[in-house]
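Student: If you're matching them up, the sequences are chains V and Z in order. Just so we're aligned, residue 1 is where the first sequence starts under my numbering, counting upward by one. Just so we're aligned, residue 1 is where the second sequence starts under my numbering, counting upward by one.
Derived from the structure by calculation, the hints contain no laboratory data. Quick caveat: nothing in here was measured; it's all calculated off a predicted structure. Beta carbons are placed, not taken as given, at the ideal position from N, Cα and C, and that holds for glycine. Please note that a few of the clues may not be correct.
Stated by the list, open to error - Restraint-style ranges between C-beta atoms, simulated for each label pair:
id	chain 1	residue 1	chain 2	residue 2	range
1	Z	R146	V	Y122	43 to 51 angstroms
2	Z	P235	V	R87	34 to 42 angstroms
3	V	T10	Z	S160	43 to 51 angstroms
4	Z	C244	V	I12	28 to 36 angstroms
5	Z	C244	V	E9	25 to 33 angstroms
6	Z	A91	V	Y122	47 to 55 angstroms
7	V	P170	Z	D233	52 to 60 angstroms
8	Z	P235	V	H14	42 to 50 angstroms
9	V	V239	Z	A91	40 to 48 angstroms
10	Z	D233	V	E177	53 to 61 angstroms
11	V	K357	Z	G264	16 to 24 angstroms
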Amino acid sequence: MYVAVKGGETAIAHSLDLIADKRRGDRDVAELSLEQIDQQLGLAVDRVMTEGSCYDRALAALAVKQARGDLVEAIFLLRAYRTTLPRFGDSVPIDTTSMVVERRISGTFKDVPGGQVLGPTYDYTHRLLDFSLAASGARPHAPTAPVDSAQALPRVGDILERDGLLEPPPPGKSEGETAEDLTRQPLALPASRPLRLQNLARGDEGFLLALGYSTQRGYGNNHPFVGEIRFGSVPVSFVPEELGFAIEIADIDVTECDMVNQFAGSHDVPPQFTRGYGLAFGHAERKAIAMALVDRALRAQELSESADSPAQDEEFVLAHSDNVEASGFVQHLKLPHYVDFQSELVTVRALREEVEKRNRRAALDQAAE
Amino acid sequence: MPDSNIQEGAYNYAYLDEQTKRMIRRAILKAVAVPGYQVPFGGREMPLPYGWGTGGIQVTAAIIGQDDTLKVIDQGADDTTNAVSIRRFFAKVADVATTTSTEEATIIQTRHRVPETPLREGQILVFQVPIPEPLRMLEPRETETRTLHALSEYGVMQVSLYESIARHGRIAKTYNYPVMVNGRYIMSPSPIPKFDNPKLDRSPALQLYGAGREKRIYAVPPYTPVKSLDFDDHPFEVESWTECCALCGSRESFLDEMIVDDAGKRMFICSDTDWCERRR
Chain V
1 MYVAVKGGET AIAHSLDLIA DKRRGDRDVA ELSLEQIDQQ LGLAVDRVMT
51 EGSCYDRALA ALAVKQARGD LVEAIFLLRA YRTTLPRFGD SVPIDTTSMV
101 VERRISGTFK DVPGGQVLGP TYDYTHRLLD FSLAASGARP HAPTAPVDSA
151 QALPRVGDIL ERDGLLEPPP PGKSEGETAE DLTRQPLALP ASRPLRLQNL
201 ARGDEGFLLA LGYSTQRGYG NNHPFVGEIR FGSVPVSFVP EELGFAIEIA
251 DIDVTECDMV NQFAGSHDVP PQFTRGYGLA FGHAERKAIA MALVDRALRA
301 QELSESADSP AQDEEFVLAH SDNVEASGFV QHLKLPHYVD FQSELVTVRA
351 LREEVEKRNR RAALDQAAE
Chain Z
1 MPDSNIQEGA YNYAYLDEQT KRMIRRAILK AVAVPGYQVP FGGREMPLPY
51 GWGTGGIQVT AAIIGQDDTL KVIDQGADDT TNAVSIRRFF AKVADVATTT
101 STEEATIIQT RHRVPETPLR EGQILVFQVP IPEPLRMLEP RETETRTLHA
151 LSEYGVMQVS LYESIARHGR IAKTYNYPVM VNGRYIMSPS PIPKFDNPKL
201 DRSPALQLYG AGREKRIYAV PPYTPVKSLD FDDHPFEVES WTECCALCGS
251 RESFLDEMIV DDAGKRMFIC SDTDWCERRR
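Isolated chain Z, as found in the complex (with noise of 0.2 angstroms):
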């Protein structure tokens, strides 16, 4: 047996070294420059799977200091098991204070949702994204839609929404609805439900998105111009219930349905575990 580099390593504050952590942090003040534009950056392999948040975690982990309170979401939920092992993580290597309470955290990583609980100015909310490039399922080729961006040619997109209301009766697209930021480049909200679209414009928090698998990172300032696509005579609109949340009445909520009997049953109650808490 060849010679044994076994041993219990020790790992840096916040688990990447700060040569990492500093490359992320140019990508970071890059994004934030440029708002909706992909920074290429070095992206690590995590001790997570990519599809998991590598992203976001790199992000996290990049920007979180021992003052920082740290709120981890999946689904909107506190206690779904990714946000909770992602919590465990930072708990870990970044001994970092942890809540559920949107007010209380300073750094809110999230997947598939925006809080319920308007952010405030000094917040920052990390997205972790899957496929940053919101012209991929049009143009596959990253060559060809870096140009499609440098050129703003978004005609492509505008097509295919067209066609969605050309064959639907309306624009069917339900999340990961794409947004014009700072009317300059067409941006991916990564995959929250349309729904949490209206909470990106003009927000008090710094929104930073992470896609790790796809090694981009970009941003949008506190208070950038987020605008949903759309047309005039068909403009963009949210999903709406005719149920309130069976736990605490919200109306004004995105709500998860779930199914509670054989007979299939519906039950609704709000995705934000922790707007929904509050409320009860």
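One chain only, chain V, in its complex shape (with noise of 0.2 angstroms):
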């Protein structure tokens, strides 16, 4: 009888190895490479990367590997890697408008300086199953335009800015100042926003989307706008202590989405758009969005609005957001929990008797009488 609780070494032992079995899968069936996910599969990548927190496509297309495609899991064995990493210190912060662009696309103006670039977007695909796709074969490449790198494509938030139509960026961090690392310290609450957008960032997509959907419908609306969402890539620099001056590390790609919100004003101010910020790796655009909507959502009591809705709870939001430790606590109630279960079962069945004895005397009584 009692083996029913022994045994956990051996028994883990073999749940182990037949996950690795199962991984794999038909062996009649070709293995992945980590080539094919990242190239054929680089959108789960992308957000692997994002919610992970490390941008290294090789380690996050091993992680959905390893992970049998579930990204929240894929997600948590990156950061289980990441919080290991050294740390060397921050990167200069990137410039978007440096970026080239993939894709950019404004939703409040008709056409844009640098224009509007569509790029690869799943907009305007009718959604029907390409059965062409099912066989393999060889796929003809797009047709490109030529790309000039070296033009800085001016964001819309910065034209509008310049008039004094729309808000300056929320300040951040000071100069000389250390960004605050979330993943090094403690959320306290309120956050600084640059705390609250790195929750954001690595927040659970789903969650987001949930929750900026929720402000669409009436729950802290923000009458938000797509000022730009622009994807493509842009360069990391990185100052070393040694060198004193900035040298580029890498190139990364990201989807930025500057949103133009409900405008702030008064008898006296002058009324102002107002902005909600959202950045993720790779192309995630509806992640960017989301974010975005949260971000500004989360500007409530700065802007001096009412913030009754969930997405406007600042406590609310960053303590909910993250999936690794959401996953985690949810799941949690598969281990074993049987000592409080006996704690609760002597009590419910204590209250029980007692309730019984009590009706018991009751009906005694009253047939006495």
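Using the hints, build the complex out of the two chains.
Tutor: And the structure:
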């Protein structure tokens, strides 16, 4: 009988073997390579890098493979690796005006300097299953226009800002100040906006999507327009202490959303549109837009708006956005709880007995009358 | 494919890097200095999921050395899967001796139980804590509960215990039963059954509590008074069984109940496997 809870060690070992076996699947089917995942499941890799807070396509692809396509599990794998890496310092903030864009659109103006660039998007695909993809075969290359990588592309928001129509970006860290790092320090509330943005950037896409959506349906609406969304590659620079000047260390793909929202102002202060900001690694427009909506919603207090909707509740949003934390705690219910349950059983039985005793006595009293 | 960082990574002793260990040790020292106070710390992602004991694992990783002997229990047992997994983790990354004997262990990491065998000076009991905030289910906001602790404003807890008496005729809280530490802070003893609460009071062992997901560490130093909350007319009492352990006959230990056949026949056995095996 007691064997039921014994033998954990062997059971675990066998379970590990079994999951590895399941991962590989039918041996007659060719094994996935990391290159295939990187190239052909690139958006999964992007999401894992974003929420895993680690820009490394190869590691993210490995995590996707190891997790058998379970992206939350892959994110966890990458995070657990990332946390062991040494920190060299902060990079210079990336400058997205110097982005080599693959896609750049504005929802606020028909045309903008640098033009609207549709790029690769699902927006205008018809969602018809493409049965030709079921077979493998040579696919033609898409025609490409020459890219002017030297051209700086001003952000739509910056142009509005110059006219005073849009508020400047809310202050982040000041010059020379080290950025707070959510992965090194516990979250303290109320949080600074940089910390909030860090939290949202690694927050679960589904969670942010639902929250952002809720603002659009009236739970803390902030009348959003996509000022601009752009996707492309930006250089990352770092100033090594021993050099004292910035050197470029990498190019990374990012998606940026600069949201233009409902204006604030008063009798004396000229009204001005406000901003929400979203940024994600790789190509992740859903995430970037949702993040920008939630960022703006969380600025309710700062902008003297009433804050009574879930998306505007900083503690609620920031404490529950992380899917590695959420997934762990929700799933830990699978672990044994039989000691606590036994405590409850003992108490519930005792309470039931008391009530039944009372009821029996009451019935006897009634019969006696 | 971009440059790959994939390599066989060599991890530091006890998994965490030394800087992180130092940060956790500082938090532990502060926690020991202010018994029952929840110290925020920069909790790291661990290679085990949140909810599996990442707080306890980080605390253990920060204090363990090669001379230590580690015991890991879950539900009082050394052989439950999660206890096995955590013990295996430390045997691998910290190259440390492990034991199932409560007496031999220098560090005991536990989930949901305090061993039946009385602890002695020099031992450290590391608790895995899911929700460190004892007031959380009464007030979900951290910003509020921190203020309540700062002001020792614990009326809300007393009221909730009173409401339980009004409804059920007794305090119906059975595990994670709130305690007052050193007459100052109300503390969550982690989800141990209230049966174990008296063992926390003036224990000769050091008690460390780690909450990984919530990024909090707190402590009860040796010989610190730990009082389970109650009322004069409803004194604190622990669970008891009419049965005894079917394996060792113990009447003084916490018993687990098992359903042994389709008719729902029950069998009771000690939750503490080391205790039980020693008595047989």
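Student: All hints, please: hold or fail.
Tutor: Status of the hints after comparison with the structure:
no.: 1; hint: R146/Z to Y122/V: 43 to 51 angstroms; in the structure: holds, 45 angstroms
no.: 2; hint: P235/Z to R87/V: 34 to 42 angstroms; in the structure: violated, 53 angstroms
no.: 3; hint: T10/V to S160/Z: 43 to 51 angstroms; in the structure: holds, 44 angstroms
no.: 4; hint: C244/Z to I12/V: 28 to 36 angstroms; in the structure: holds, 32 angstroms
no.: 5; hint: C244/Z to E9/V: 25 to 33 angstroms; in the structure: holds, 29 angstroms
no.: 6; hint: A91/Z to Y122/V: 47 to 55 angstroms; in the structure: holds, 49 angstroms
no.: 7; hint: P170/V to D233/Z: 52 to 60 angstroms; in the structure: holds, 56 angstroms
no.: 8; hint: P235/Z to H14/V: 42 to 50 angstroms; in the structure: holds, 49 angstroms
no.: 9; hint: V239/V to A91/Z: 40 to 48 angstroms; in the structure: holds, 43 angstroms
no.: 10; hint: D233/Z to E177/V: 53 to 61 angstroms; in the structure: holds, 57 angstroms
no.: 11; hint: K357/V to G264/Z: 16 to 24 angstroms; in the structure: holds, 23 angstroms
In this structure, the one hint that does not hold is number 2.
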